[in-house]
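Novice: Counting along the sequence shown from 1, when you hit position 187 you're at 187 in the working numbering, and nothing is skipped either side.
It is worth saying that the hints were derived from the structure and are not from the lab.
Honestly, I wouldn't trust all of these hints.
[What the hints assert, rightly or not] Computed beta-carbon distance windows for the label pairs:
1. Thr208 x Val71: 39 to 49 Å
2. Gly103 x Gly56: 42 to 52 Å
3. His243 x Glu202: 12 to 22 Å
4. Pro205 x Val138: 37 to 47 Å
5. Glu83 x Asp58: 30 to 40 Å
6. Gly103 x Ala196: 17 to 27 Å
7. Gly56 x Asn174: 19 to 29 Å
8. Ala196 x Asp110: 41 to 51 Å
9. Val71 x Pro205: 19 to 29 Å
10. Val138 x Glu213: 11 to 21 Å
Here a beta-carbon is modelled for each residue, glycine too, at the ideal position from N, C-alpha and C.
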Amino acid sequence: QYEELLERGAIDPHLARESIRDIENQMKALIRLPTRLAIPETARIVSELPLFRGLGEDDLDELASITKEDVFESGAELMREGEEGDCAFVIARGAVQVVKGDGKDEEILDVVGGGEIVGEMALLTGATRVATVRAATVVVVGRVSRDDLLRVVSERAGLRERVWQSFAAHNLDNFCRTDRRFRTMDYDARHAWIAAARVPTELGPGDTLVTGEAAYLYLVAGELEVDGTPHRAPQILEVAPTHRYDATTEARVVLLPEIPSS
């Protein structure tokens, strides 16, 4: 299947070969494991995800308790671009393709293997899927539904904010690595900057954001109007004291200080 995609030019040749080699090595290693060995415990898989790295052991146990195992055959779609998101998937075994477009316009953006999560934006925001995720092999996943997560966080004081904080930091890190303004920051500088950020601020429609002495804001979820100009998550905006920042939907915003000088 990957060789066919390579021939069609649907994926960069170097990336394709590297992805194929990595996934084949992972699958060969799994095949060599004793057949009596169970799939890694959900708690361990979840605890190792960068998305949830900031959570405590009790929080991770709660997340593990609502993660349901599922299996998809090769070629099956886990989610479809444009659909409303209602869950995320933790990949336990196998690999999936992240795809934009359809038919002749289809473009493979990434190949994701075991130990990764896809569709996480839906967990907290219910956001529309921005890409299709398709099984590239037989895939074993842990499914975490938005409804289950919202139920659990409503029952545990502080868990909702801890999940949001971890989620925002993870997505901000990913965003910084792709934004030309921040790509020159090394790992330590980037993570020190993110660590200095304020806890995500929750806004309702019509609320005005108080930016204080912040130099930047990261719009994690929702929409803001800046002096009447709409902005939709995710994006990083420079803060100006003379500007007015009004939420037009439910939104989450992280306020950031000046970038440390190198």
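Novice: So, for every hint listed, does it hold in this structure?
Specialist: Taking the hints in turn, this is what the structure says about them:
At roughly 48 Å, the beta-carbon separation of threonine 208 and valine 71 lies within the given 39 to 49 Å, and the hint holds. Distance hint for glycine 103 and glycine 56: a CB-CB separation of about 46 Å, consistent with the stated range 42 to 52 Å. Remark: the range hint 12 to 22 Å for histidine 243 to glutamate 202 is upheld by a beta-carbon distance near 20 Å. Under the hint 37 to 47 Å, the C-beta atoms of proline 205 and valine 138, about 44 Å apart, fit the expected range.
Glutamate 83 and aspartate 58 have their C-beta atoms about 33 Å apart, which keeps the hinted 30 to 40 Å range intact. Under the hint 17 to 27 Å, the C-beta atoms of glycine 103 and alanine 196, about 46 Å apart, miss the expected range. Take glycine 56 and asparagine 174: their Cβ atoms lie about 23 Å apart, and the range 19 to 29 Å holds. Distance hint for alanine 196 and aspartate 110: a CB-CB separation of about 30 Å, inconsistent with the stated range 41 to 51 Å.
Separated by about 41 Å at the C-beta atoms, valine 71 and proline 205 break the suggested range of 19 to 29 Å. Between valine 138 and glutamate 213 the Cβ separation comes to about 52 Å, which falls outside the hinted range of 11 to 21 Å.
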